[in-house]
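Visitor: The lines below spell out each chain.
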Amino acid sequence: MSNEVLVVVEQCDGRIADISFALLGKGKELATVLGTKLAAVVVGNEIRTLAGDLGIADIVLLAQGAQFSHYCPEALKHCVVELVRGRSPRLVLIGNTAYGMDLAAGLSAETNIPLLAYCRDFRVEEGQIIAVSELYGGKILVESEAGGTQLVVSVLAGAFPVAAGRGAGTPQIEEFSPNPAAAEARIKFKRLIQPESGDVDITKEALLVSVGRGIGSKDNIPLVQELADALGAQLSASRPIVDNGWLPKSRQVGKSGMSVKPKVYLAVGISGAPEHIEGMRDAELIVAINSDPTAPIFNVAHYGVIGDLFDIVPLISEKAKAAGAS
Amino acid sequence: MEIVVAVKQVPDLVEELEIDDSGKALDRTFLKYRLNEFDEHALEEALLLKEKHGGKVTVIALDTAEVEETLYTCLAKGADRAIKVTGNFDNGVDSREAANILREVLSSTPYDLILTGVQAADDRDGQLGPLLASYLKLPHLSVVSGIELAQGGRALTANQEHSGGIVAEFEVTLPALLGVQAARETPRYAPVSKVRQMMKATKIEELAAAKSALDSVTPIRRLSKPESAGRAEMLEGDAEEISSKLIAILDQRGLLKGSIK
Amino acid sequence: MTETLIPAREVFRNFSGLMVVVFYGLSFLALGIFTYGIWLRIAKYRKGRPANRMTILWSRLLRAGKTIGAHTTLKKRDSFAGAAHALIFWGFVALFIGTLIIMVDHDFLRSISPQLQFWRGDFYLWYSLLLDLMGVGFLAGLMMMGVRRWRLKPKQLDYSRPDRKSGEYDRTGYVRDDQIFLWGLFCIGVSGFLLEGLRIAADRPPYEVWSVVGWQIANGADLVGITLESANRLHLWTWWIHGILALGFVAYIPFSKAVHMLVDVANLMFHDTMAGKRLPAIPEGAPLGYQTLADFTWKELLDFDACTKCGRCHVACPAQASGAPLSPRDLILELREQAEKEFGGRSWLHENAHGEVNRQVTGGVIPADTLWACSSCLACVEACPVGIEHVPMIVQMRRKLVDSGILDANLQGVLQKLGRYGNSFGQSERQRGRWVQGLPFKVKDLRKEPADVLWFVGDYASYDPSLQELTRATARVFYKAGLDFGILYDGERNAGNDVRRVGEEGLFEDLVNRNIAVLEKCQFQRLVTTDPHSYNTLKNEYPELIARNDRGWRISHYTELLAELLEKGRLTPVRRLGYRVTYHDPCYLARYNAVVDAPRRVLRALGVEVCEMPRTGENTFCCGAGGGRLWMSDSRRPGVATPSEQRIAEAVELGKIDAFVVACPKDVTMYRDAVKTAGHDDHIVVKDIVELVEEAI
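As given, the protein sequences belong to chains X, C and U, one line each in that order. Taking our numbering, the leading residue of the first sequence gets 1, the next gets one more, and so forth. Taking our numbering, the leading residue of the second sequence gets 1, the next gets one more, and so forth. Taking our numbering, the leading residue of the third sequence gets 1, the next gets one more, and so forth.
One chain only, chain X, in its complex shape (with noise of 0.2 Å):
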């Protein structure tokens, strides 16, 4: 019973993920007041060089093997059960990404500890470990308690700062071998689709106005068009609307899109699901249009508009060129 602090880091082509850092900054800090150890877990092929970066940790644990040279999620969650079998460790911290998603709740269900999802917030309170799950598109927010003495906790990206993970220090490194017989091959990796090089890459951009369901067809995307360009800026929009072609992938904001940081992001008729926040809530300015006042874009946002954007949008166009021109 190691009763640590485990983070899975989550790392691609040698790169690890910004969620893992965010991770390890949050585990130190509890493992702090648990009085415990921040251990880290990398699975990968050849990754030595990595334990470089996951200096916050007191323990890397390095599982490396051909069999994980790409991404594959059996592999990895079996790798991952055998290490928290063997290792029991008090806590495990988990991103809620894709690579995430594979792992957790199949975690929770081979070692039986149980899990908490979606979480943006967790505390120690009395020895116990409450965590904070945001549920309901972003609504509601539940607290729930960890219950037994183990517990596994997917987090959301952007819950905790980035830079709190990526700390300096000499974490005592292990190898930790898996059970090769256990993993079977049912699911095999064929290849890596990158987004097509559209015309614009959105996380390169400064301003841009991003479209959501609100703006009702395709027909109108021109409205907003001619919104962007009037204050020089691109398009990007949410799910909805690259799920319906009205606009290509590679202006898709969100979880499953481009993570933006633009000097402004002006949301028209986006009511902010929590998927489509993780990619733009760290924009510098955020200004957000809509007809609903419950949405929960105004959570992020620093400016809000109530109202209907099909009249004030082509007012703000008009003003933009007349100010642009003068």
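FYI, nobody ran anything at the bench for these hints, they're computed from the structure. It is possible that some hints are incorrect.
Under the rule of at most 25 Å between Cα atoms (straight-line distance), these lysine-lysine pairs were calculated in the DSS-like manner [unchecked claim]: (1) U:Lys309 with X:Lys218; (2) X:Lys261 with C:Lys245; (3) U:Lys676 with X:Lys321; (4) C:Lys200 with U:Lys417; (5) C:Lys245 with X:Lys321; (6) C:Lys52 with X:Lys188; (7) C:Lys245 with X:Lys263.
Since chain X is already given, all that's left is putting chains C and U on it; use the hints.
Guide: The following block gives chains C and U in isolation, referenced to the frame of chain X:
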């Protein structure tokens, strides 16, 4: 090809959600329920696969709020069978319990593929897909969009969405369980007359859940609404005034085309 | 010369016995072909489903008689065509009766008893005069029509189709049919006059001065120097030409556009004045929408044949005007071609399609895009002079499309919202009554307390943030008038008018049932609504769906109510608004339900000058939002103005007007948008009539 689609009802987020007096649950007075949007996509994907490759689609759900109408709608869309699992679900069912129950039920149902929505709005203790897959010892992939039959029907290719717009393509041997993010077509519409026709012509099968409801292993402390601590400053006025204010804000920060120094 | 000549005419003048026999032979042949052709047509109609029109037959006959006699539908908005057709029609009728008279007199009465013969003497004189004059009118009418069709070339006679590409069809058959019809009748008329003139030239009976035209032709013949012998010979020849042309025409009738002479009488007789306004429910055993021709009723098959390609519906249609792939005329003609191919009763000259024959009507021969382009404005049905009912057919075919899942993606989303939330905005029912916040008084909840007036607010007025202020204005006006009114708050659902027109009949029934369940528990004296679409269905379609109707269902549009309140003095304008405005009649108010005066009475009472656009009242031009089109993506050809933009252009032509006044919440949205996109925001303001009322009081 036998496909099972596991669906569930979730509170409709269009309604304003209120917390009840106990502080530990949602106020059900005005709560409306609807089929989990992702489960709708899972069903659509199942129907598309059936239309392309033949087979049968079975929809299965626990008997929670207003699930009957949902199941009839699934039948109207083209599902061949609908199964309702009865039990004591008044206080809600968490994903783990649902997975446990479905594991029992599915032991007597043949399947090549199980599809379910990648997640649901009330998945406090994790998603049904991976839990059920673990219990059934099936290979599992989540956040899937785009499923095709491969290897003469013994496997599937599936696309998993990652951040940054990157998609990873996998080959999955059957039987398997996939968590569907988006079907390749918008979920179809079931005309009301067809649903009513189903209500008259077909029956929803009922199976009883083997285990009784357990208390949650991670008890809920309380519910709350997110604080609008960082709540936006609302701009008031008519469209004219608002647009002027917005332009002023942008101008102030040197962000307007004409004002960029 | 003591003999007084009795005015009369020899029937088979200078005919040999053989010639008479040949003539009768040919007559029987022609009549036989005619009967056969008519029989084929009737056999075709009998293949249709029952239509429940065989009621109140005498009343129907009378009504059709009046319409045809007065040419009401023909001279409506086109007095030139109306006059020309009247001349042709009455000329033809007169000449036809004239021929009948000769037949009865010569063939029947003569063989029974010569004393009974009446075609002589004074009768013959008046007969000759009248028929000559009618004959001239007949020819004049034909010439007017010829000039109109081939010189003036009005848009409605342009046969190009918006629903097919130009290489895919060939309508020269139609053009030939038109030519044969017109020239055929013309030649019959001219040859008739010629042979009369030649006979008179030969015989010169003095009383024939009564045949005014014939007499002049005889004079002309003399002038030209025709001998007696030539006159007799020419007469015989002309007689035969005339006879064969006429008999040929008779035989030709059932196989050409001439059949409209018979079919249109029947079609007008069996016309349903509520067509489109009250759509048919789906009875047990009836198909869920139309898929193939076998699903159509006999009246609809008759409709296809009734069309004379006059093009009035074609130019009235807003979809056609904005380049969408729909023309009501071409819809009907396409269905006619299809019916002729499948069921028989074929015209000799018809359209040729290049491409394969498709048995599937809905979605095949009539593409889904065509069907979805319709805004159910009813202009086609209103304009049609022969009683064709286009809109119900479109709705029936749409029912099939909905059933088969062939829907525009936007529409699908809206239907799902309507099904789940009872409104097209996808918002919670509980938000429906939120617009009342901000009013300085409480609005009654009719579910809890009784009131005089139940105000059925409608989706757009309740949920659309930019329209809510207008709804509040309406409430304030009602309050000021001391009206005892209330609303249904969360109990109200979309009335379902456009849901039905989109073809989702099951959802329509659902919505109706829910609304009625709520309404039945309320106590009120009358219903009022701001939305003309809701008005239409509540007034025309709900009554038959309410099982118990012991309340009496009295419904008014708010313009009617406002007119009443102003006229009874319960609302008093404190200032006269000296505005010059134009008023746009909503389709569902003016054309569907003939509410044209009330809004104008309101405007007059406010001291406002109303300047009418060319298309006004029942001839109003649709904004393009009805029939669910507001819920679908754009269907017009790019670059062509939308119907609402075209309407604004019509208003701009009136010169300086202070406001474009509307009386429908969707019109407010549509026209405000159109004003913006057409770039007229500086000179036209769109106002709801209630804004003017509030301003005045």
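Visitor: Taken at face value, is the distance from the CA of X:Lys218 to the CA of U:Lys309 at most 25 Å?
Guide: Judged against 25 Å, a Cα distance of about 37 Å means the pair is violated.
Visitor: Decide if the proposed pair is consistent with the structure: C:Lys245 and X:Lys263, CA atoms, cutoff 25 Å inclusive.
Guide: holds, 18 Å
Visitor: Checking one constraint from the list: CA of U:Lys676 to CA of X:Lys321, max 25 Å. Satisfied?
Guide: holds, 16 Å
Visitor: Under the criterion that the straight-line Cα-Cα distance not exceed 25 Å, is the pair C:Lys52, X:Lys188 satisfied?
Guide: It holds: about 24 Å lies between the C-alpha atoms, which stays within 25 Å.
Visitor: Is the Cα-Cα distance between C:Lys245 and X:Lys321 25 Å or less?
Guide: Status holds; Cα separation ~15 Å.
Visitor: Would the pair X:Lys261 and C:Lys245 pass a check requiring their Cα atoms to be no farther apart than 25 Å?
Guide: Holds. X:Lys261 to C:Lys245 sits at ~23 Å (cutoff 25 Å).
Visitor: Is C:Lys200 within 25 Å of U:Lys417, Cα to Cα?
Guide: holds, 24 Å
Hint compliance for this structure: hint 1 alone is broken.
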